[in-house]
Amino acid sequence: MITVENLTKKFGEVTAVEGLTFRVKEGEVFGFLGPNGAGKTTTIRMLCCLISKTGGEATIVDYQISKAADSLQIRKMIGLVPDNVGLYDDLTAFENLDFYGKLYECPEERRKENIKRFLKMLGLWERKDIRAGSFSKGMKQKLALARALIHDPQILFMDEPTANLDPESAKTVRDFILEIKKQGRTIFLNTHNLDEAQRVCDRIGIIKTKLLTVGNPEQLRESLSKPKTEIRLAQVNEALVSALRKRIPNKIEVSGDKLIIDVTNPDKENPTIIAAITSSVGQVREVSQLVPTLEDVYLQIVKETK
Amino acid sequence: MSKAWIVATKDMRIFLRKKYALYSLVIFPLIVGIGLPLVLHFVGARQGGLSSTRLPIIMNAFSFFFLIGAATLPTVLASYSLVGEKIEKSLEPLLAAPITDSELLLGKSIAAFIPPIAAIYISSIVFMVLADLVTHNTLGYLYFPNWTIGLILLLLAPLSAILSVEWSVIVSSRASDARAAQMQGLFIMLPLAAIYVASEVGAISLDTKTLLIISAVILAADIILFFLSTKTFQREEILTKWT
Chain C
534 MITVENLTKK FGEVTAVEGL TFRVKEGEVF GFLGPNGAGK TTTIRMLCCL ISKTGGEATI
594 VDYQISKAAD SLQIRKMIGL VPDNVGLYDD LTAFENLDFY GKLYECPEER RKENIKRFLK
654 MLGLWERKDI RAGSFSKGMK QKLALARALI HDPQILFMDE PTANLDPESA KTVRDFILEI
714 KKQGRTIFLN THNLDEAQRV CDRIGIIKTK LLTVGNPEQL RESLSKPKTE IRLAQVNEAL
774 VSALRKRIPN KIEVSGDKLI IDVTNPDKEN PTIIAAITSS VGQVREVSQL VPTLEDVYLQ
834 IVKETK
Chain S
126 MSKAWIVATK DMRIFLRKKY ALYSLVIFPL IVGIGLPLVL HFVGARQGGL SSTRLPIIMN
186 AFSFFFLIGA ATLPTVLASY SLVGEKIEKS LEPLLAAPIT DSELLLGKSI AAFIPPIAAI
246 YISSIVFMVL ADLVTHNTLG YLYFPNWTIG LILLLLAPLS AILSVEWSVI VSSRASDARA
306 AQMQGLFIML PLAAIYVASE VGAISLDTKT LLIISAVILA ADIILFFLST KTFQREEILT
366 KWT
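So the sequences go chain by chain: C and S.
For this note's numbering, add 533 to where a residue sits in the first sequence, where the first one is 1.
For this note's numbering, add 125 to where a residue sits in the second sequence, where the first one is 1.
Just so you know, not all the hints are guaranteed correct.
As the list claims (entries may be wrong) - EDC-like, lysine to aspartate or glutamate: derived pairs with alpha carbons at most 20 angstroms apart:
hint, chain 1, residue 1, chain 2, residue 2
1, S, Lys128, C, Glu638
2, S, Lys128, C, Asp603
3, C, Lys609, S, Glu213
4, S, Lys211, C, Asp622
5, S, Lys128, C, Asp800
6, C, Lys649, C, Asp662
7, S, Lys143, C, Asp662
8, C, Lys715, C, Glu763
9, S, Lys128, C, Glu642
10, S, Lys211, C, Asp623
11, S, Lys143, C, Glu628
12, C, Lys609, C, Asp685
13, S, Lys144, C, Glu642
14, C, Lys670, S, Glu213
15, S, Lys214, C, Asp616
16, C, Lys600, S, Glu361
17, C, Lys600, S, Glu362
18, S, Lys128, C, Glu628
19, S, Lys211, C, Asp616
20, C, Lys543, S, Glu362
21, C, Lys791, C, Glu819
22, S, Lys214, C, Asp623
23, C, Lys600, S, Asp226
24, S, Lys144, C, Asp623
25, C, Lys609, C, Glu559
26, S, Lys214, C, Glu628
27, C, Lys741, C, Glu828
28, C, Lys600, S, Glu228
29, S, Lys214, S, Asp226
30, C, Lys609, S, Asp226
What the hints assert, rightly or not - Rough simulated footprint, nothing fancy, chain C against chain S, three-plus residues with beta-carbon under 8 angstroms:
hint, segment
31, 215-229
32, 232-244
What the hints assert, rightly or not - Examples of chain C residues lying across from chain S (beta carbon under 10 angstroms, computed):
hint, residue
33, Leu583
34, Ile611
35, Lys635
36, Arg680
Hints in this document: simulated from the structure, not taken from any laboratory.
Note that CB positions come from ideal geometry on N, CA and C, so glycine has one too.
Just chain S, same shape as in the assembly (with noise of 0.2 angstroms):
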């Protein structure tokens, strides 16, 4: 078994019994995945409800709390996975077997990407089967799934989950507890954030040339945090800076 696999699997084990993981795992997906069609259900059955036009719009923008979702998520975990070893001072033992610091990365970052990723794949496929329950009367088609939301889940998502924990690795090197980094790792939020409000605005359209170019973007800055976190994260700095 990959050393990477093996530190990810002890740390994906770790979440499971931290009841605020768990819940920051569960409770997004279950509030995006349910609560928004139970929105469009009930603002639609209201007097003058929602229309054929107005639908489409709302639920593009709707697709985007995905994305959202995948790129705070991970904050919460690698904020555990990271500063978690810096409290419990496990490092030094960690850091003492014959892991390269290439491995402990992967692994960390694997166990911070994968439970998010599946939370929101899992509520998204709820989240479109329950929209689609609803709004097919209005429509007279199903909505999803198409290229928009297929776009945010394949691409935007994965990018967004990366460059959080690349992110979270960058700021848990100087935060002393987990919460602090935590909030300062959310601050990844606010430009996806800002794209969100300019959709609602109707200064951008999120329209599949828009994600195209924000997923290349985002893919630009997955690789200079990639850098930037490899940088911190040596054995040396972790050891003397960190503890």
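The shape of chain C in the complex, shown without the other chains (with noise of 0.2 angstroms):
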């Protein structure tokens, strides 16, 4: 669906993206996640033919973004839900979904068909006739998804569409791609936020101008953080973990009454560990396995570029 191959923008002297290589399959929900000016806004820009390239290729179905030709036919089987919602103020929500529908050649009877159907979907359907600078941050967020759906987009691009906003907020957006992402729709997503990432992405690249890795959540956690095993004791000394490091290869961290070990394989080791233990007279009150998040793989990841 969406081909990308060794992508890059360069503004002047500044290299925002480099070489960045990726695919995105059909009906796939793809999370960019990246620091602040890692490149997310300018890949997103260049995918929906807002900016041009400076090097590499991507195509978009079977479209070429560097084609000007190209560039219209992606820009209809696109919608773009952009950082900044960019709403008209002074228009109502139906006005504004309504300029877009058109602006799209949505025929009357669908595009209004769709308006009442996304209003609803994101209860915003009582407000259709209010004007948009009197809504929340919240309620344009949500307009602005209803916007990028307007016209049955095959393709979502979404740029961090739950930041800034409330809890509640950010679970109806996320409900709502949740929603979008049954009816088969492929979906682009840049966020800051590893928690809506892990919940929504089928799978992730990790971004900071070049492309760090790609993958999904679970493949991510476990390619590049090991387990841990945290064991609790009723006291922890510093004889103890001697006559423990002499016993066991592991390393051992002590933190207050725990001692958290690397495992590879916790259901062979831990048992090992734990018999360590007891023959060195520690007395164990709990055991856990720490599983590493994808925030403890992302930070792992964008602190070795550095």
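From these two lone chains plus the hints, build me the complex, please.
Structure (structure tokens):
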């Protein structure tokens, strides 16, 4: 659906995005994670044919972003939720959607049907005749989502759709994304929010000018962070730790009354570790497995590039 | 429906809801359409009044106000139309829609052109009727319509309005708020004001020949500014430098 090959963008001497290569499959939710200034918005803008590329190529379905004739076709089949919602404050919710429906050449009947459907789904139907300028941030974001879907696009690009929203509005937006995912649309999502990426995305790319890694959340966690076993003891002392270090080869960290031990295969190694502790006269109170989060992975990868 | 017209109707709907834009469309034509004939009436009613030889010169000069209006009013709307998109940050979704740069520019230009020209035409009709009523007895004939005001309204006013819109596109690309764009946009009025002053002091006569020469100059400026404004109004330029 989306194929990106060695895509690069420079603004004068500054390289915003360098050598991006990835694919997004049909019906997939692909998340782009990265710190501020990593090139997420620049990538979306290139893919939406808003700005030109400096190098490489990208194709959306069968259309190339670099060809002027293809650019119009691409823009017909995509929807964009930009980081700034960019609604017309002096137009009502209905008028905002109707204007974009007309621009996307949506026939009148379908346009009105879609306006009603999306405004109802997002809980804004009762406010359809109220000017967008009086809407809250969350309501504006919902309206921007409806605007991006007004022409039933195959692909939806979203740039930080839940940024600066209160938890309730953010949840509504996330639920809505999951709902449109069920309809089989392809979604390209820029986000800062690791929890959101984990919940919503099928695959995640971590970007910092260059694409650092791509994979599904599970794969990323497994490939980049070792599991750890956390053991709470009745008492931790220097003698116990040094005795333990002689008995097991694993890396041991001490945190208060807890030992945090790196393991490769918890099922196999944990019984040996527990046996080593008890034979060193340690009293085990609690054993738990620390599963690395996406945040751990993200921070580790971004840190490695510094 | 053409996409340029879709953009134009959207912008015109927004203008109707902006008090400042609405007032500028009403106040100037009201002053010129009704105020100037009232001036003729009160000055004419004074002892000595206005002579039948002086009246045509004054009425030609007053006709020139419609030209100044045609050059200034589109600046107000074009600034709102272009800088407004910048302020509301609505350019990104708009440019992501399947609309070409020229359709967008044309739509914005139509929106800034039609309401002022309509206001100028309506007020000119009011002006001509009232001025004829006021001056008919002194002159012994109906002064309006005549070639001078015909040229001003049908040729010079549209050309000046186009010039004003194109100038506003260029100015708006650098301005950060609508007021600043309007202030810079009003510079377009200066050459026309200079012509008016020149006619008032008798340096030039606003006869048909002079008006045709002025039209040719404005047309040439329109063509030059058209190329400059289309160069300014390009997708990437708009998105990376306007926002």
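Hint by hint, here is what the structure shows:
Simply put, Lys128 (chain S) and Glu638 (chain C) have alpha-carbon atoms about 9 angstroms apart, close enough for the 20 angstroms limit, and the pair holds. Proposed proximity of Lys128 (chain S) and Asp603 (chain C) is supported: the alpha carbons are some 18 angstroms apart, at most 20 angstroms. At most 20 angstroms may separate the alpha-carbon atoms for a hinted pair to count; Lys609 (chain C) and Glu213 (chain S) exceed this at roughly 23 angstroms. Between Lys211 (chain S) and Asp622 (chain C) the alpha-carbon distance is near 13 angstroms, which keeps this suggested pair within the 20 angstroms criterion.
Straight-line distance between C-alpha atoms of Lys128 (chain S) and Asp800 (chain C) comes to about 65 angstroms, which puts the hinted pair past the 20 angstroms bound. Taking the CA atoms of Lys649 (chain C) and Asp662 (chain C), the gap is about 12 angstroms. The hint holds against a cut of 20 angstroms. At roughly 17 angstroms between alpha-carbon atoms, Lys143 (chain S) and Asp662 (chain C) fall within 20 angstroms of each other, so this suggested pair holds. A distance of roughly 38 angstroms separates the Cα atoms of Lys715 (chain C) and Glu763 (chain C); the hinted pair therefore is violated under the 20 angstroms criterion.
As the CA atoms of Lys128 (chain S) and Glu642 (chain C) are separated by approximately 18 angstroms, the hinted pair is consistent with the 20 angstroms bound. Note on Lys211 (chain S) and Asp623 (chain C): the hinted pairing holds, with a Cα-Cα distance of about 14 angstroms set against a maximum of 20 angstroms. Taken as a hint, the Lys143 (chain S) and Glu628 (chain C) pair is honoured in the structure, with Cα atoms around 16 angstroms apart against an allowance of 20 angstroms. About 10 angstroms separates the Cα atoms of Lys609 (chain C) and Asp685 (chain C), which keeps this hinted pair within 20 angstroms; it holds.
Taking the CA atoms of Lys144 (chain S) and Glu642 (chain C), the gap is about 33 angstroms. The hint is violated against a cut of 20 angstroms. Proximity of Lys670 (chain C) to Glu213 (chain S) is assessed by CA-CA distance (about 14 angstroms); at most 20 angstroms being required, the pair is judged to hold. The straight-line distance between the Cα atoms of Lys214 (chain S) and Asp616 (chain C) is roughly 10 angstroms, inside the 20 angstroms bound, and the hint therefore holds. Annotation: proposed proximity of Lys600 (chain C) to Glu361 (chain S) holds, straight-line Cα distance about 15 angstroms (limit 20 angstroms).
A threshold of 20 angstroms between alpha carbons decides the hint, and for Lys600 (chain C) with Glu362 (chain S) the separation of about 18 angstroms falls inside it, so the pair holds. Annotation: proposed proximity of Lys128 (chain S) to Glu628 (chain C) holds, straight-line Cα distance about 16 angstroms (limit 20 angstroms). The suggested pairing of Lys211 (chain S) with Asp616 (chain C) holds, with an alpha-carbon distance near 14 angstroms, which does not exceed 20 angstroms. Our distance criterion of 20 angstroms between C-alpha atoms is met by Lys543 (chain C) and Glu362 (chain S), whose separation comes to about 14 angstroms.
For a cut-off of 20 angstroms, the pair hint linking Lys791 (chain C) to Glu819 (chain C) stands: about 9 angstroms separates their Cα positions. For a cut-off of 20 angstroms, the pair hint linking Lys214 (chain S) to Asp623 (chain C) stands: about 13 angstroms separates their Cα positions. Distance hint between Lys600 (chain C) and Asp226 (chain S) is fulfilled; the C-alpha atoms sit about 15 angstroms from each other, no more than 20 angstroms. Note on Lys144 (chain S) and Asp623 (chain C): the hinted pairing holds, with a Cα-Cα distance of about 11 angstroms set against a maximum of 20 angstroms.
About 17 angstroms separates the Cα atoms of Lys609 (chain C) and Glu559 (chain C), which keeps this hinted pair within 20 angstroms; it holds. Only pairs whose Cα atoms come within 20 angstroms are accepted, and Lys214 (chain S) paired with Glu628 (chain C) is accepted, the gap being roughly 17 angstroms. Distance hint between Lys741 (chain C) and Glu828 (chain C) is fulfilled; the C-alpha atoms sit about 15 angstroms from each other, no more than 20 angstroms. Taking the CA atoms of Lys600 (chain C) and Glu228 (chain S), the gap is about 19 angstroms. The hint holds against a cut of 20 angstroms.
Proximity of Lys214 (chain S) to Asp226 (chain S) is assessed by CA-CA distance (about 17 angstroms); at most 20 angstroms being required, the pair is judged to hold. Of the pairs offered as hints, the one joining Lys609 (chain C) and Asp226 (chain S) holds, with about 15 angstroms between alpha carbons and a cut-off of 20 angstroms not exceeded. For the segment 215-229 of chain S, the stated coverage by chain C is satisfied: 11 residues place a CB nearer than 8 angstroms to a CB of that chain, which reaches the threshold of 3. Only residues whose C-beta sits within less than 8 angstroms of a C-beta in chain C count toward coverage, and the segment 232-244 of chain S has 0 of them, not enough to reach three; the restraint is violated.
Contact between Leu583 (chain C) and chain S, as hinted, is supported at the beta carbon level, the nearest pair being about 6 angstroms apart and thus within 10 angstroms. Residue-level restraint check for Ile611 (chain C) holds (minimum Cβ-Cβ distance to chain S is 7 angstroms; threshold 10 angstroms). For Lys635 (chain C), the suggested interface contact is upheld, since its CB lies about 5 angstroms from the closest CB of chain S, less than 10 angstroms. Hint status for Arg680 (chain C) relative to chain S: holds, with the closest Cβ pair at about 7 angstroms, below 10 angstroms.
Checked against the numbered hints given earlier, this structure breaks hints 3, 5, 8, 13, 32; the rest are met.
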